[in-house]
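*Asks:* Under my numbering, the first residue of the sequence shown carries the number 25, and numbering increases by one thereafter.
For the record, the hints were derived by calculation from the structure and aren't laboratory data. Glycine residues also receive a C-beta, built at the ideal position from the N, C-alpha and C atoms. Treat the hints with care, since some could be wrong.
What the hints assert, rightly or not - Listed next, with one range per pair, are the computed distances between beta-carbon atoms:
1. Y372 / H298: 28 to 38 Å
2. F152 / H561: 49 to 59 Å
3. K727 / D623: 33 to 43 Å
4. N387 / A844: 42 to 52 Å
5. N410 / A844: 23 to 33 Å
6. T501 / N387: 49 to 59 Å
7. M653 / T456: 50 to 60 Å
Said to hold, decoys possible - Below, simulated SDA-like cross-link-like pairs (lysine to any residue); rule was C-alpha separation at most 20 Å, straight line:
8. K876 / A937
9. K307 / A279
10. K621 / Y640
11. K621 / S546
12. K913 / E737
13. K300 / N312
14. K235 / A279
15. K229 / V63
16. K621 / I638
17. K487 / S546
18. K931 / F870
19. K408 / L374
20. K913 / Y882
21. K632 / E651
22. K753 / D425
23. K235 / L224
24. K689 / N735
25. K964 / Y882
26. K727 / L888
27. K948 / D874
28. K229 / H318
29. K437 / R397
30. K689 / I648
31. K686 / E702
32. K959 / P858
33. K283 / L224
34. K307 / E250
35. K487 / G537
36. K235 / E250
37. K931 / L888
38. K370 / Y765
39. K758 / N297
40. K839 / Y363
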Amino acid sequence: MKRWLTLKLKLKSKDKLELSLDLGLVLLFAFLAYLFVLVPPFNQTPLRIVFALPLLLFLPGYVLIAAMFPRKDELSVIERFTLSIGLSIAIFVFDGFAISVTPWLFRPAPIIYSLSLITLTLMVLTSFVRLRIPEEERYSFHFAAVSKFFESLRRSDEKPSDIERALVIALVGSIIIASGMLIYAKVTFDEEQFTAVYILGDGGKAENYPKEVYLFEPSSIIVGIENYEHAPANYTLQVNLGGYPLLEQHIPTLAHGEKWEDNVFFIPKHVANHVKLEFLLYKDGSTNPYRSVHLWVDSLIDYDNLATVMKYALSDLPTIENPDMEQELNWTFTENAGYFRGHFTKFYRLEENASVCGYVMDNITGAGIANARVRVDNRYGYEKYNTTDENGSYIIETIADHFWMDSTATRYKKAETEFDIADGQTRVVNMTNDPIMAFNMTLEELSIINESIETLPPGELPKEVSTVKGYVVDAVTRLPIANASVTVRNEYGFVRSTTTDEHGYFEVNIISGRADVGVRISGYASNTTTVVIASVHTVNPALSPANSIVHGYIYDTTSGAPVSSAYIRASSTGYSNYTQSNASGYYTVKTIAGHTKMDISKAGYFSKSAEFNISYGESRTMDIEIEPMPPLPSASSTIGGYVSYNNTRLPWAKVVISDHDKYEKSTLTDSSGYFELETIPGHLWLDVLPSVYMDSSVEFNLKSGQTATVNVELDAYPESTYQIDYPSKTPLMKGRYGGIYQEIISEEGVATLSFKVSDSFRSNRSEGYLFKQVLLNDLVLWEDDVAEDEGWQSVTIPITLDNGTNRLLLRVYAKQDSSAFPLTVWWDDVRIEPFEEITKEVATSFYVLDAKGTEENYPTALYLGEPAEVLVGIENNEHETVNYILQVKLDGELLETEDIRLEDGSKWEQKIAFTPNQIGALLKLEFLLFKDRVKEEPYKEFHLW
Numbered sequence: 025m026k027r028w029l030t031l032k033l034k035l036k037s038k039d040k041l042e043l044s045l046d047l048g049l050v051l052l053f054a055f056l057a058y059l060f061v062l063v064p065p066f067n068q069t070p071l072r073i074v075f076a077l078p079l080l081l082f083l084p085g086y087v088l089i090a091a092m093f094p095r096k097d098e099l100s101v102i103e104r105f106t107l108s109i110g111l112s113i114a115i116f117v118f119d120g121f122a123i124s125v126t127p128w129l130f131r132p133a134p135i136i137y138s139l140s141l142i143t144l145t146l147m148v149l150t151s152f153v154r155l156r157i158p159e160e161e162r163y164s165f166h167f168a169a170v171s172k173f174f175e176s177l178r179r180s181d182e183k184p185s186d187i188e189r190a191l192v193i194a195l196v197g198s199i200i201i202a203s204g205m206l207i208y209a210k211v212t213f214d215e216e217q218f219t220a221v222y223i224l225g226d227g228g229k230a231e232n233y234p235k236e237v238y239l240f241e242p243s244s245i246i247v248g249i250e251n252y253e254h255a256p257a258n259y260t261l262q263v264n265l266g267g268y269p270l271l272e273q274h275i276p277t278l279a280h281g282e283k284w285e286d287n288v289f290f291i292p293k294h295v296a297n298h299v300k301l302e303f304l305l306y307k308d309g310s311t312n313p314y315r316s317v318h319l320w321v322d323s324l325i326d327y328d329n330l331a332t333v334m335k336y337a338l339s340d341l342p343t344i345e346n347p348d349m350e351q352e353l354n355w356t357f358t359e360n361a362g363y364f365r366g367h368f369t370k371f372y373r374l375e376e377n378a379s380v381c382g383y384v385m386d387n388i389t390g391a392g393i394a395n396a397r398v399r400v401d402n403r404y405g406y407e408k409y410n411t412t413d414e415n416g417s418y419i420i421e422t423i424a425d426h427f428w429m430d431s432t433a434t435r436y437k438k439a440e441t442e443f444d445i446a447d448g449q450t451r452v453v454n455m456t457n458d459p460i461m462a463f464n465m466t467l468e469e470l471s472i473i474n475e476s477i478e479t480l481p482p483g484e485l486p487k488e489v490s491t492v493k494g495y496v497v498d499a500v501t502r503l504p505i506a507n508a509s510v511t512v513r514n515e516y517g518f519v520r521s522t523t524t525d526e527h528g529y530f531e532v533n534i535i536s537g538r539a540d541v542g543v544r545i546s547g548y549a550s551n552t553t554t555v556v557i558a559s560v561h562t563v564n565p566a567l568s569p570a571n572s573i574v575h576g577y578i579y580d581t582t583s584g585a586p587v588s589s590a591y592i593r594a595s596s597t598g599y600s601n602y603t604q605s606n607a608s609g610y611y612t613v614k615t616i617a618g619h620t621k622m623d624i625s626k627a628g629y630f631s632k633s634a635e636f637n638i639s640y641g642e643s644r645t646m647d648i649e650i651e652p653m654p655p656l657p658s659a660s661s662t663i664g665g666y667v668s669y670n671n672t673r674l675p676w677a678k679v680v681i682s683d684h685d686k687y688e689k690s691t692l693t694d695s696s697g698y699f700e701l702e703t704i705p706g707h708l709w710l711d712v713l714p715s716v717y718m719d720s721s722v723e724f725n726l727k728s729g730q731t732a733t734v735n736v737e738l739d740a741y742p743e744s745t746y747q748i749d750y751p752s753k754t755p756l757m758k759g760r761y762g763g764i765y766q767e768i769i770s771e772e773g774v775a776t777l778s779f780k781v782s783d784s785f786r787s788n789r790s791e792g793y794l795f796k797q798v799l800l801n802d803l804v805l806w807e808d809d810v811a812e813d814e815g816w817q818s819v820t821i822p823i824t825l826d827n828g829t830n831r832l833l834l835r836v837y838a839k840q841d842s843s844a845f846p847l848t849v850w851w852d853d854v855r856i857e858p859f860e861e862i863t864k865e866v867a868t869s870f871y872v873l874d875a876k877g878t879e880e881n882y883p884t885a886l887y888l889g890e891p892a893e894v895l896v897g898i899e900n901n902e903h904e905t906v907n908y909i910l911q912v913k914l915d916g917e918l919l920e921t922e923d924i925r926l927e928d929g930s931k932w933e934q935k936i937a938f939t940p941n942q943i944g945a946l947l948k949l950e951f952l953l954f955k956d957r958v959k960e961e962p963y964k965e966f967h968l969w
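Work the whole structure out from these sequences, hints included.
*Replies:* Pasting the structure below:
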């Protein structure tokens, strides 16, 4: 018996081997196809064709036939062979077509991967199908079948079946037809005449292309040209950056099939962001490019190698006219969207010298609608509204513009229209509003029914009236709650109220429809349930009881003393409760179970909040400390002074005093530019908003009771800016823009462009749509997404100017289609400055520290005749030897001067002593660094007050 079992097991193993032998061979040939087609160095041998053909023309069809016909008697060997080839060709064709429309395209790797995946999937399917077939009926492959197949083809005494004969004829016919088509195509096909041009990145491959090139520094890239013109050809290669030609190279004559490939060197001459680097190929002297390829790169300045760039720095700088937008000239507005608008803010006046009037009427009855709200909006921020009188009449004084108008009224649908109105025009616009209908009645008619509900017995209520009823219960105990206030408000604005009886029961009759059932009672969280009432509707609200208690003491953080009369509010979803601390600082307040927020406040203290979870019936102790505000001294400190720009005092400028923590106080300068503020003493900062117009904040110390003067001179001031607007509710297509430009006459060279810009957008939810951009001669030099709240930005960028006329464009640009994207952008203080204005930030490092080498203990009080000292450091990275002059001034008076000569790459650090020569409050202590000679403006500066 044991021997019989062993024999049976061996036979089964052999049968399984035969049953899976063909699938194993399929897997083997698929692997060999992958190995010899894709893996070097195997893919460089002739075997790649030998092993690729089975995967392309046989294997997928074979496993598909094996899955469709798993029994051995269903098909003969020749039928399986023929169908395998036919289906494989079909699979290959459809697979190739599908891949050709994907990013991977029709390439060897995608074809091998996809056909292998299809084959393996069909193999798994075949295995499952064969397991469902009895072993004796399964199709199995063995090598004897191959010899039997060829023997059957050679035998002439055995006639093939009709199906075998048809399959052989079809196979031979398809081969003949395909061969004929190939021969015909080969004979009649005119070989294409073309030239291939390409560029290669690092390593000579079509990858790792450069993303950055550097101004006035040689760059290179491999360019290849292949001639398939069937005749010799002469080529010229031109390299352009942003449309500017950098190189023109003549290529030696190439014969048909000949290739030229070499490193092409070029030197960028313009700064730009995301600029097109083009390689244009001209053939046989043509003036039009024959072929072209391109990359997108950033053309930048290498600040670690400034010596070459400095040679091109302009000494005679061009002038931007009207840089502060203080005049209504020199800048030209341009746009291509049809809706952008622009104006100088100083000269923009909205004169309401037009008026629109008319009636708002019921569209059914024609009667005037009283108290209707009429609104006009130009979608550029100008909006006005009025209400109609008892006759439905209105009048609105407005500016001349294109307006959108709407009228709204209680129980009426909104009506909308749009119109144009000119200066001095009085335009009549009548609006008709459709009444809101319900149950084929107006809401006015329904209101009459609603008012009669209480007077009618239940049996006489109109069909439009339904009943909502139920019980109000405690959410924990499920006991009824008496005297709870129940308010039912339906979608048409009708309201009915009642209170629950001693059983917690309520019943309300109201016009049918969607309604909110609100329940309130002291000691419970409120509850609102939305229901659709039709006929009779039952709703049983469950209210969460305030059975949890929070108690404790309120203490002063500084003294630790209890704080009386502090206001405590406990709130949760649908619930809030209030109390005050008693004379000993103790409080107790009820709340509902769940997440609770506690807010504590008292005059003279900073507010404080705490959040926590509390269980039903829990009594929690919470002692809370609140921080007292710094008291103003009895003899309050005062800071005052003038705010000016360009020696002109500025009225209505906003001045802010803060401690950069919790204290902040502000005021406006008066008509003479003077401000005065009572403030807390201590270490404070003064800013004039927008702070971007100050070189830096004024930092100072103010003693208790001290009165000090600080006069602030701004670098610039937005008395006027140029404002660009795009309206709300107006789609904007990609590529549209609005901006201003100015033509600038200059010599060729490098300089610095500085400007200030701000926009009205304050969130980042629409990131990637609209950008502020600066362009010079159509090259983008700077851009910033309007998303996020940057406030006013002060920007300094390098620029390269052409010899002759240059166009500077400041614009708003759409990179994606958008809708309902209202936006305002302001431009100001646009100037061309020496190139060193931007290089000095990295070329010379200048710092001032206290005598101990920190930033903690700068001198804040100086005494007449007593020396003081600070630590000053200078590091030269200018790529040349520089003579620096350091000056120390107090309120404009020179106290100390030092000449310092530094080699490139060297550093100087030394304590500088100076002696005050005057007395005063909040005097400006300046440390000024000049390069080569003393000029009107220092190269670097640092100051204290």
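*Asks:* Hint by hint, where does the structure go against what was stated? Just the numbers, ascending.
*Replies:* Structure breaks hints 4, 14, 17, 30, 36 and 37.
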